[in-house]
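**Student:** With the hints as extra help, turn the sequences into a complete structure.
So the protein sequences, as listed, match chains P and Z. Residue 1 is where the first sequence starts when you use full-length UniProt numbering, and the numbers rise one by one after that. Residue 1 is where the second sequence starts when you use full-length UniProt numbering, and the numbers rise one by one after that.
If you are wondering where the hints come from, they were derived from the structure by calculation, not from laboratory data. Hints may contain errors.
[What the hints assert, rightly or not] Taking lysine to any residue pairs in the SDA-like style, the calculated list, with each CA pair at most 25 Å apart, reads:
#: 1; chain 1: P; residue 1: K296; chain 2: P; residue 2: V210
#: 2; chain 1: P; residue 1: K266; chain 2: Z; residue 2: L66
#: 3; chain 1: P; residue 1: K266; chain 2: Z; residue 2: L97
[Claimed, not checked] According to the in silico footprint, chain Z covers these stretches of chain P (three or more CB under 8 Å from chain Z):
#: 4; region: 60-73
#: 5; region: 117-130
Since we're looking at a predicted model, the values are computed, not measured. Each residue gets a CB set at the ideal place from its N, CA and C atoms; glycine is no exception.
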Amino acid sequence: MRQRDFENRYRDSWAQLETWLKGGGKNADPATLDLPAAYRNLCQQLAVAKERQYTSRLIDHLNQLVMAAHHRVYRQQTLRRRGWLHYLLAGFPQAVRANGRAVALASALFLLPALVMGIGTYNNDALIYAVMSPADVLSLESMYDPGNRVLGRERGSDTDLAMFGFYIKNNIGIAFRTFAGGILFGLGSIFFLVFNGVYLGAVFGHITRVGFVSTFYPFVIGHGAFELTAIVLAGAAGLLLGRSLVDPGQHRRSIALRLASVEAMKIMYGTFLMLVIAAFLEAFWSSSAATPISIKLGVGGLLWLVVFAYFALAGRREATGAH
Amino acid sequence: MLDTTYHVETPEGIDLHARAAGPVPRILAYAVDVLYRTLVLIALGIGLAVADTAGIGIWLVCSFLLEWFYPVFFEVLRGGQTPGKKAFGLMVVNDNLTPISWGASLVRNLLRFADFLPFAYATGVIAMTLGRHFQRLGDLAAGTLVVYREADKAPVALPDSTPLPPPRNLKRQDQQALVSLFERHDDLSEARQQELANLLEPITQKRDSAALGYLRSVASWLLGGRE
Numbered sequence: 001m002r003q004r005d006f007e008n009r010y011r012d013s014w015a016q017l018e019t020w021l022k023g024g025g026k027n028a029d030p031a032t033l034d035l036p037a038a039y040r041n042l043c044q045q046l047a048v049a050k051e052r053q054y055t056s057r058l059i060d061h062l063n064q065l066v067m068a069a070h071h072r073v074y075r076q077q078t079l080r081r082r083g084w085l086h087y088l089l090a091g092f093p094q095a096v097r098a099n100g101r102a103v104a105l106a107s108a109l110f111l112l113p114a115l116v117m118g119i120g121t122y123n124n125d126a127l128i129y130a131v132m133s134p135a136d137v138l139s140l141e142s143m144y145d146p147g148n149r150v151l152g153r154e155r156g157s158d159t160d161l162a163m164f165g166f167y168i169k170n171n172i173g174i175a176f177r178t179f180a181g182g183i184l185f186g187l188g189s190i191f192f193l194v195f196n197g198v199y200l201g202a203v204f205g206h207i208t209r210v211g212f213v214s215t216f217y218p219f220v221i222g223h224g225a226f227e228l229t230a231i232v233l234a235g236a237a238g239l240l241l242g243r244s245l246v247d248p249g250q251h252r253r254s255i256a257l258r259l260a261s262v263e264a265m266k267i268m269y270g271t272f273l274m275l276v277i278a279a280f281l282e283a284f285w286s287s288s289a290a291t292p293i294s295i296k297l298g299v300g301g302l303l304w305l306v307v308f309a310y311f312a313l314a315g316r317r318e319a320t321g322a323h
Numbered sequence: 001m002l003d004t005t006y007h008v009e010t011p012e013g014i015d016l017h018a019r020a021a022g023p024v025p026r027i028l029a030y031a032v033d034v035l036y037r038t039l040v041l042i043a044l045g046i047g048l049a050v051a052d053t054a055g056i057g058i059w060l061v062c063s064f065l066l067e068w069f070y071p072v073f074f075e076v077l078r079g080g081q082t083p084g085k086k087a088f089g090l091m092v093v094n095d096n097l098t099p100i101s102w103g104a105s106l107v108r109n110l111l112r113f114a115d116f117l118p119f120a121y122a123t124g125v126i127a128m129t130l131g132r133h134f135q136r137l138g139d140l141a142a143g144t145l146v147v148y149r150e151a152d153k154a155p156v157a158l159p160d161s162t163p164l165p166p167p168r169n170l171k172r173q174d175q176q177a178l179v180s181l182f183e184r185h186d187d188l189s190e191a192r193q194q195e196l197a198n199l200l201e202p203i204t205q206k207r208d209s210a211a212l213g214y215l216r217s218v219a220s221w222l223l224g225g226r227e
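**Tutor:** Below you can see the structure in the form of structure tokens.
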């Protein structure tokens, strides 16, 4: 068949498909066009056009049409409402348990330096200056000085909101970087975990040493349950990426990385949510001086229990029931 | 080696192709996005100045969202194109040339930080230059790539001319070359077309507009025109 006859025969169906695609497929009645069938016919026509070596302009045009239809046919539906609920109730803790080794390694990379620095700064009053400048140490001390009530509720709710913004930007940024660094063969995640461990350990040790315990611990215990866990989990997700490159197993490195990133994202969605919760708590609950210390410690302890119980227990029944 | 065409075979057995975009247009597109984001942040800053301390909080949250989720939003909901990419005719797709999904877009944009290291996206540019399809680390992990969005080229109407049968022994390639020339008749000046037609003088025994007219008639015949 000559090209002109070929074009004449199919021109209408191409035009119809094109207008349907341009209209976003919304205003068009779905009955007017059977997309999969139209797409299959189009593919066949493109193959015929190529086989008969019709002109490149026609082939390019058909190729574009195929691409546009291909996009529509294979659009992936990822945001399902049930999916989110299921993820929160079971998927997230299941993903964390399934990658227990990475989580354990990330915890160790965070906690061991923290412990060493904590004990170190508690016993040696100069060690804090190894990680912080004297000015930073002073502002840290004044922040938690019980005689200095800057943490109080009297700082006003607009300050709470400002601090919320700061925690969101700063803390979630740290967690995202801890994750992203994992693609550098895990080195970035390791660096951020150890760095944060050293830094926070030093702060804990030093504050305990100077005796501002009554303001510091009630402040950090509540949101710490979410924030510290989330940073460790982000690090674990980063380590998954790193491991896929260092030890890709039976896959090619590129494939192993892709599989690992899918697994890592199962952890990262939840981590993001935990950090938002942490920022809320840190800005609106941890800072309140009106709440008695005992209640804050109690609630904080309870939150730690809830977080651990969630990761240990949630979604377990479903996992066993599936077998 | 210099071929940037990316091929994918669909389940229907069709070979789709797209052209992968190199570092330079991507850097320019990124610069445009940075500009837009900065403008939005400045506008927000002015707008929120009335809200004082609370405004700082809202501004910080907005700047966090813009920093990490601005590309995700546009890539997933606006057909793979941030405003910057749109300006340079680029789009992000999954490497099977399907529209990018939420998960893939989040991965490639979270990993932006690693690509940025140690400064100014050095790692990302090096990864792009070494890789076959200009993928930065985020693209490799997410399984995405940035391609040119082809401008729509509708088939053009050829200039009217009475179809004439071609000379004998016109090979298939010659036929295609001839037809392609007339598909481009809008882009080439008349003089240039005549010049090209004159190259075929040994076959056509004609020059200038006569040669061009004759070749047009032949092309029209080849495409199936009949008197």
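**Student:** A separate judgement is required for each hint: does it hold in the structure or not?
**Tutor:** For each hint, the structure was consulted:
1. P:K296 / P:V210: Between K296 (chain P) and V210 (chain P) the Cα gap is close to 21 Å, so the pair holds against 25 Å.
2. P:K266 / Z:L66: At roughly 23 Å apart (the allowed maximum being 25 Å), L66 (chain Z) and K266 (chain P) satisfy the hint.
3. P:K266 / Z:L97: Within the cut-off at roughly 24 Å; holds.
4. 60-73: The restraint on the region 60-73 of chain P holds, since 8 of its residues have a Cβ under 8 Å from chain Z and three suffice.
5. 117-130: n = 0 at 8 Å, threshold three: violated.
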